[in-house]
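Participant: Below are the chains, spelled out letter by letter.
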Amino acid sequence: MKTLVRLTLLVTLTMSAALVASAQEMTKDQWQQAMQEATHKRDALQAEVQGLEADIVKLKTQDATLAQQVGKCQADLMALLGTTSAEVKEFALYLDQIDTKLNELSKLSNQDLYMRRAELDAVQSMIKRAKGQKLALLPENDQRISEEQYRLDALRESLKQIVAQQEETYTVKPWATNRDCLWNIAKRPKIYDNAFLWPKIWQDNRDQIKNPDVIRTGEKLKIPAKSPLTAEEKDAVQSYWHKRVALATASRPKSAGDK
Amino acid sequence: MKRNVVGLTAALLLGTLVLWGCSSSPSKDELKQLETTQAEIASLAQKSNALKMEEASLQQSISEKQAKLKSCQDDKTAVETKLKSVQ
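Sequence lines, in order, name chains C and R.
Position 56 of the first sequence, counted from 1, bears residue number 56 in the working numbering, the numbering being contiguous throughout.
Position 9 of the second sequence, counted from 1, bears residue number 9 in the working numbering, the numbering being contiguous throughout.
It is possible that part of the hints are untrue.
[Stated by the list, open to error] Straight line, CA to CA, 27 Å or less: simulated DSSO-like cross-link-like pairs of lysine-lysine:
(1) Lys47(R) x Lys131(C)
(2) Lys82(R) x Lys58(C)
(3) Lys222(C) x Lys160(C)
(4) Lys47(R) x Lys128(C)
(5) Lys70(R) x Lys58(C)
It is worth saying that the hints were derived from the structure and are not from the lab.
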C-alpha cells in the first residue's frame, strides 16, 4: 500500500515536471516560425541598408558638385567686381562701423544729439565713401547702405525738430531802456541765466555780429540751446580778449617813463 | 494485483519520461542560430538609423548650397546689370 502511494506520488511529480518544462521551452514549430520571421526581417533590413548606402553615394556626389558650382560663381563675382574675398570682408566690417555709429547716435537724448550734431556729417561722409566703392554694387551691400542712409536721414530729421524746439530767438532792445548787450542777454533767466555763456550767442550769429561789443537794436539773434561752451567758442572768446588787450595796450597814452 | 499496479505505474512513468525526452524542441545549435540572426537584425537596424541621419544631413547641406548658388547667381546678374548701366 505504501509502495503504491509512493509510486503514484512519483508519477504525479514526474508528469508535473514534464508539463512545466514543456511549457517553458520553445517548440520546434515555434522556433521555425521565429527563424522565418527573423530571416525575413534581416533580409529586408539588409536591402534597406544597401539602398541607403547607394543613395548616400549619389547625395555626396551632388553635394560636392554644388560646392564646386558655388565656389566658381563666387570667384566669377569677385572677378566682376575686381575684388577679393578679403576685401569683401573688410567692406562688411566698414559697414558694421557705420551701423555701430548710427546705433550710438540713435540712443542719444535730444540734448546730446544736438551737442553731437557734427557727427552726423561724419557718418554721411562714411556712407558716401562706401557708395563710391564697387563693392556697393553687391545687392546685399547696396541694401545695407540704403538702410544706413535712411537711418541717418531720420536722425537729421529728428535733429531739425530738436533745433526748432531748442533754438529760440531774441530781438535786441535799446541799450537806453534794456541795457541789451550779449553779456546781459545771456544773463537773462529766460535765456541762459548765465552771463558767461554769451559767446554761444555770438558764435551762432556770426553772420550778424562781427564785433561782440556791438549789437544793434532790432537785430533778431538766434539763441542756441543752453550747453557748456564748446572748444570753438572758448577759442573765440580767448581770441576776442587778446584783441581787446592788444587794442587797449596800443591805445594807451605813452607815459614819460615809456621808451 | 500489486504486480499489476506496480507494472502500470512503471509504464506510466516510463511513458512520461519518453514523451518528455522525445518532444519536438529545437537543438542548442538551432537556438544559437536564432540568437545570431536576432543580433544581426539589431545591428542592421542601428546601421540603418545612422545612414538615415547621414542622408538627412546631406539633403540639408544640398538645400543650403542650392540656395547659396541661386543667391550668388542673382548677385552676379544684378552686378552685371549695374556695371553695364554705369558704362
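Participant: Going straight from one Cα to the other, do Lys47(R) and Lys128(C) come out at no more than 27 Å?
Facilitator: With Cα atoms ~59 Å apart, Lys47(R) and Lys128(C) exceed 27 Å; violated.
Participant: Check whether the Cα positions of Lys222(C) and Lys160(C) lie no farther apart than 27 Å.
Facilitator: Measuring from Cα to Cα gives roughly 15 Å; hence the hint holds.
Participant: For the pair supplied as a hint, Lys47(R) and Lys131(C), is the alpha-carbon distance within the 27 Å limit?
Facilitator: Roughly 55 Å between the alpha carbons, so the hint for Lys47(R) and Lys131(C) is violated.
Participant: Lys70(R) and Lys58(C) were given as a pair; does the straight-line alpha-carbon distance stay at or below 27 Å?
Facilitator: Distance ~21 Å between Lys70(R) and Lys58(C) Cα, so the pair holds.
Participant: Would you check the hint for Lys82(R) and Lys58(C), treating anything up to 27 Å between C-alpha atoms as holding?
Facilitator: 39 Å, violated
Of the numbered hints given earlier, the model fails hints 1, 2 and 4; all others are met.
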